[in-house]
Every structure is written in structure tokens, then in C-alpha cells.
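Enquirer: From first to last, the protein sequence lines are chains A and B. Numbering-wise, the first sequence is residues 14 to 407 according to my numbering. Numbering-wise, the second sequence is residues 14 to 407 according to my numbering.
Read the hints as simulated data drawn from the structure, not as lab findings. Every residue gets a Cβ at the ideal spot worked out from N, C-alpha and C, and that includes glycine. It cannot be assumed that every hint is accurate.
Derived contacts from chain B toward chain A, CB cut-off under 7 Å, selection only [to be verified]:
1. 38
2. 47
3. 66
4. 104
5. 245
There are 2 protein chains.
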Amino acid sequence: MVLRKEFFDLPEGIIYLDGNSLGPLPKTAKDRVADMMQDEWGAQLIKGWNSAGWMAQPSRVGNAVGRLIGAPPGTTVMGDTLSIKVYQALAAALKMRPDRKVILSDSGNFPTDLYMAQGLIQMLGNGYDLRVVAPEAVADAIDDSVAAVMLTQVDYRTGRMHDMKTLTELAHSAGAVMIWDLAHSAGAVPVDVAGCGCEFAVGCTYKYLNGGPGAPAFIYVRQDLADHVEPALAGWLGHDAPFAFDLDYRPAPGIERMRVGTPPVIQLTALEAALEVWETVDMSDIRAASVALQDTFIREVEARVPDLTLASPRNSAERGSQVSFRFAHGYAAMQALIARGVIGDFRAPDIMRFGFTPLYLDERDVLAAVDHIETVMGDRLWDDPAFMTRQRVT
Amino acid sequence: MVLRKEFFDLPEGIIYLDGNSLGPLPKTAKDRVADMMQDEWGAQLIKGWNSAGWMAQPSRVGNAVGRLIGAPPGTTVMGDTLSIKVYQALAAALKMRPDRKVILSDSGNFPTDLYMAQGLIQMLGNGYDLRVVAPEAVADAIDDSVAAVMLTQVDYRTGRMHDMKTLTELAHSAGAVMIWDLAHSAGAVPVDVAGCGCEFAVGCTYKYLNGGPGAPAFIYVRQDLADHVEPALAGWLGHDAPFAFDLDYRPAPGIERMRVGTPPVIQLTALEAALEVWETVDMSDIRAASVALQDTFIREVEARVPDLTLASPRNSAERGSQVSFRFAHGYAAMQALIARGVIGDFRAPDIMRFGFTPLYLDERDVLAAVDHIETVMGDRLWDDPAFMTRQRVT
Chain A
14 MVLRKEFFDL
24 PEGIIYLDGN
34 SLGPLPKTAK
44 DRVADMMQDE
54 WGAQLIKGWN
64 SAGWMAQPSR
74 VGNAVGRLIG
84 APPGTTVMGD
94 TLSIKVYQAL
104 AAALKMRPDR
114 KVILSDSGNF
124 PTDLYMAQGL
134 IQMLGNGYDL
144 RVVAPEAVAD
154 AIDDSVAAVM
164 LTQVDYRTGR
174 MHDMKTLTEL
184 AHSAGAVMIW
194 DLAHSAGAVP
204 VDVAGCGCEF
214 AVGCTYKYLN
224 GGPGAPAFIY
234 VRQDLADHVE
244 PALAGWLGHD
254 APFAFDLDYR
264 PAPGIERMRV
274 GTPPVIQLTA
284 LEAALEVWET
294 VDMSDIRAAS
304 VALQDTFIRE
314 VEARVPDLTL
324 ASPRNSAERG
334 SQVSFRFAHG
344 YAAMQALIAR
354 GVIGDFRAPD
364 IMRFGFTPLY
374 LDERDVLAAV
384 DHIETVMGDR
394 LWDDPAFMTR
404 QRVT
Chain B
14 MVLRKEFFDL
24 PEGIIYLDGN
34 SLGPLPKTAK
44 DRVADMMQDE
54 WGAQLIKGWN
64 SAGWMAQPSR
74 VGNAVGRLIG
84 APPGTTVMGD
94 TLSIKVYQAL
104 AAALKMRPDR
114 KVILSDSGNF
124 PTDLYMAQGL
134 IQMLGNGYDL
144 RVVAPEAVAD
154 AIDDSVAAVM
164 LTQVDYRTGR
174 MHDMKTLTEL
184 AHSAGAVMIW
194 DLAHSAGAVP
204 VDVAGCGCEF
214 AVGCTYKYLN
224 GGPGAPAFIY
234 VRQDLADHVE
244 PALAGWLGHD
254 APFAFDLDYR
264 PAPGIERMRV
274 GTPPVIQLTA
284 LEAALEVWET
294 VDMSDIRAAS
304 VALQDTFIRE
314 VEARVPDLTL
324 ASPRNSAERG
334 SQVSFRFAHG
344 YAAMQALIAR
354 GVIGDFRAPD
364 IMRFGFTPLY
374 LDERDVLAAV
384 DHIETVMGDR
394 LWDDPAFMTR
404 QRVT
């Protein structure tokens, strides 16, 4: 049993199917942040960096996240945003393969990963190239021109899931460095970064880890590499001796070198509190419950609402923790659903996304959501000009 | 009159002279964050990005910071850490001067600025060079090999202040781009970024702006350049149409392109609340009050504690909002002061730093602090082996 509704502060009457975008508020996060503001920042002031453990927080929380993705202690650290962590991993990977010029990714990657690669390449000049192929074409596109393969495991639109172990092995057999973005994986599906052998993994913590809007990102570096990667973002808190204030950068041993600037203590405090729920549940149980909810949802929607076309893989083994349907009036339909308290979201041009988080959703919620979907699809509000005008305005 | 003690939640019996490192807790920040957690994240969930204004927060708060540094609306945006903002400015500056290879800085710059430059150079290869000279040698070192001059206005150890206008003019007359780090300036001294003509300014907000530990940084880009700078950190929230999810990066118009990833909403909420105090005070009054407090402090310390040697400029026009003294046993002396409730800090090898923030300090506080310093210096605890052992342990 993995249901932990009492851990969250969910509004009455809401069925929240958007935890894949922003997880809900954990009650402990609210309390812990209030305490941190008053008892740490307020009372301890500058001393809080040591006395309240702020300075060690990025590594301490990193270890807590690491446990959820198969990362050994001391291989994961928190900070910055996922975009920045993608950049760090990518810049370090290119340094590891100086004779190669290609970054390989796929069109199902979240755009910011591609953008960060484009920005890096633009700055480096010198013949670097970002090669973007269809998700199903990645395996065949890995060759010995590729410096780094950079993929998001779970597609943000469809939930389609890459096989981390197989693709990592393919990358390695071609001599490429493997970078996994776990934005839609951490807290959603069992992940084993150490087992798959990838060099880098990155991810955010405001989705299935419920860290709050703008919660910091994480980066994992494979243990044997952590003392050797060259930090492109050479910030003082990644220095071997930050408080020596040397004029020259000398990277800290291990994962600490991936820290950059001053950590966001308030956000980290919210995240650290949110992560406590994982001490009481097992990721394989979470996965089983998530698959059961998703399969129920797919079965009921397809039986009762034939106008929606499944956009996610039907085989649950190839799907993360979300289910997407295509519908031409998907934007309007999602607005109507949200107005009824069923919160999913929409991705252009026609994707209605529904995330499943068994920590706070059970089968009754899923069935109730399908009732609302059936009603909304019967109402056909997109045929009503007044409704559509309102949608465009808001 | 600029004293706003009631705005802050300062512990009883503390004289806080370390606002140059971490500003104290504003009461409004505590309340606003609690409300944001419950009424926005908790109640509005994913909708908060629009309904609670989170998406516009980096620009809205950027404008509030901009007002304090002479930046017109729409030229300053919040996000990331100061280290990251330094990197963004520096990478953009190098792109603007592709024929030049030198970054000029000084040894009084905060190390992370130098480290970020070193990391960037290391990645770029290609003959780039960071030239670090003594602060007083900067003017003479600006020549037409310099692509970018990167300086922190106020020295973090001594409070020595560069003349922004003069040095910016020198940089420009040599054809170099000027980047100012305002970490110890924003909220401390009157700054006029637009008036001085610099291309970039960056800074943090947890010091004199009281945004809390890990509060986000800001970046200013001169208005005529904002549509032209090339973002090296090409994140999706700096994209022209983030929610179109295009595969190709296309920078947003203006300052928005300096945004990178998802903004840290909780930290920004604390900061936004903290900034309200500036609506009720004038920066020139703050400056006058700060100088008066500092001059009193210097006069009293020198009269009563001759063992301390002034490390800061004696001329207040050349000094930021802190006063530093050198003392061989400075670390132990500062620990003894902190134990008495007078909180300053120490920077190796021998600098005792005292920050002056007239928002919550008045002349009585300063005189009381000097009483404690006189007592501590008379006690000479550093001659007591037991005390010194305790210091090493904690």
C-alpha cells in the first residue's frame, strides 16, 4: 500500500493529475519552511550556514534523491535548475571526448535540453553539432562520431520510456558518454543509474518529488569519474577550499565539484521535507500502483470516450507515469476539465496529459476523473462560441 | 530617517554587523512565504504559474531590484546564482568582442567571479586569458587586447570601492565590454548602472537586499544590447515562445533571454517581500546614514582599541557599507565577539569584517558593539589555551 494522502495538503474536490508537472504541497514542507525561516534564518542568521547545516544541504539532499535513482551515497548533489545541470553534464562530457564533435539527442527530449546544447555549441564553435533524431531512431544513430548521447528517459508529451540500460550500453560500445535526464523518472519509475553505467544523470525535483515550484535540480556523476570531470561552471562552492578564497579554481574532490554558487536554502528545505515520504514507501510498489492506475484509466477512457486517441505506449513497460491522449480540441477540453476540478495539462498541438502519482491518487480518483472526462466530451463546449471566446481571453 | 527595525525579525540582544554576508529575516518575508506555500502552491497547484504570477516573477522582481541600481524597467531579471549570472555576462561579452582574448579582473574580486571566468576559458580553449591585477592597477591594465573588464565594485574583504563611471569609460575607450558585480553594492550604496554605461551588471540579493539564504541573483543588460546578446545558457524560459516547445532555440526579445530554467518561486517570494522596505526609504539617505555609522565605528575603534588596524579606506567616498580591521588573532577575536552577540565575520588571514545597514542599526548599536570589542580585546582570550582549543573544535 503506497497511498499517503495524509502527507499532502490537497485542496478539497480536486483530482490532481498534474504531479508530472508540479507535485502538490506536502504538509511537512510547509511546516519545515516556516520553521527554517524563523528558527534558522531568523534566529541563527549567518551562523545558520554551519549551525543549521545549510552548507551541507546540497549533498545531504542529493543523497536522499540518489537513493531513489540507484545512486550510491556521495554521487548526487543538488543545485541550480535542470537546464544548468544539463549544461554541466554536457560540457564535462565533451571534455571527455575531445576528438568527437557530435551530441546525439532525440525529438522527444524536453526542449530546454536541446536549447542548452545549442547554446553550448554556439559558444564553442569549432565544428560541434547537435544531431536530433526521432526517439525510435536513437539506437541506430549512435556511432563513433558521437561524443555524448543526451536523452530524457520519459517523453514529456507521451510518457514513452527509453530503456536506459540498452541505450547506455550502445553508447558505450560506440565510445560515447551517456547523459540521462530523469525529469519524469525520479520518483515515478524505478531507476538504477549505477546499474545502467551511465556517466551522468540529471533531473528536477518539482514533479514526482514534490519539492515545490522552482525546486533545485540534481546531478549524478558516476563514482569513478567524479574526481576527474572538469567543471565548466567552476563556482566557488565547487572549489576544494571555498573559504580559503584562493584566486585560482581547484575543483573539490568528487561530486562536490558540481556545486556552483550559494545553495537555495529555502527551496532545499521544502524539498528535503517533501522527500521524507519516500522513507515509507518502496519504489517498486509505487511503480506497480502507478501502472494499475494508468491501465485502469486507459481502459475506461477508451471504452467510454472513443474520441480520445491514446498517444502513450499501450505497453506499460514502455510508459512512464503519465498517460496522454490526442484530441483536436484538447486545449478546450482540458480547460473544461480543470474547471470541474480534474487537473491535467495540455501540450500543443493536441495532447492532453494526465499524470499518475499513487502517493495521493487511488482507483476511485481515476474512475471519477473518467466520469468528468466523459461528461466534458459529451458537453462539447468547443462547439459553443461563448465558451471558446472565454478560453482565449483567460 | 531610514531606521526600519520593525521591518525585521532580529533576535533580542544581537548586534548584527553581518548584513553584508546574509541580511536578517524581514517579517513580511516570513508571512509571505507561508501564504505562498499554502494559498498558491497548496491551493492553486500547477495553475499558480499564471494565477499567482509565478511566471512573471523573475521580471517583476527584477524591476524592483533594478530601481535600486539605476536600471530602467525591463533591463533586469532574476534567476540562478551570482556565479551563473557572471558566466552569462562574461560569455555574452566574449561573443561581442570575437577578436579579443583577454578578460581583465582584479585580485579584490570575489573568487567565484574569477573561477567562473577560469572555467569558461578552460572550456573555450583557443587562447583566452584571464588577467588578474591589483585593484589599484586596473585602470592602467585596460588596453585594446581586453575583451571584457569584469570587476566587483566593492571589495568583499576591505570594502574598497571602485569608481564605476571612470572605469567603465576607460574600458569603453579601449573598446572593451564592462561587467560590474554589485554583490556588495545593491542596497548598500547608490548605483547608477544606466548612467555609468556598463553593458552588464550582476549581483546577489541575500546581502543588503535581505532575500534570505540562497536568494536568486540578478542580471542587468544595457537596453540597447538586450535584443542582441547571445545567451550561452540557452534555457527554455529564455526562449521567445517557451510553451511552443520548438526544437530550436530562439532567444526572447530583451532581458527575458537571460532567464534560463524554472524560477525558484519560494526564494523569489521571500525576496519580493524583503524588497518592500525599499519603497519607504531613499538610497541617498541610506548611504548618508551608513557613512555616519561607519565613521563613528572607525573613530571609536581607533580611539579605544589601537591593536586593530583599519583595512578599509579611511575616505568614506572610497568605501562601501562595511568596515574591516586587521588583527593577527582576528578569528579568535571574532568568535569571542559572536559569543557576546556582536555578529561580524572573519576572512583569512587576518580580516575582521563589520557590515553597516542603517535599516536596522543605529548609533547606539555601533557604540555598544565597540564596547564589546574593547572588552574582547582586553580579555585577550587568544592567550588562553582552553579557549583556543574550543575554537578549533567548533
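Enquirer: All the hints need checking, so say for each whether the structure fits it.
Expert: Each hint, compared with the structure:
1. 38: holds (4 Å)
2. 47: For residue 47 of chain B, the interface hint holds, since the closest Cβ of chain A sits about 5 Å away, which is under 7 Å.
3. 66: At 11 Å from the nearest chain A Cβ, residue 66 of chain B fails the 7 Å test, so the hint is violated.
4. 104: holds (6 Å)
5. 245: holds (5 Å)
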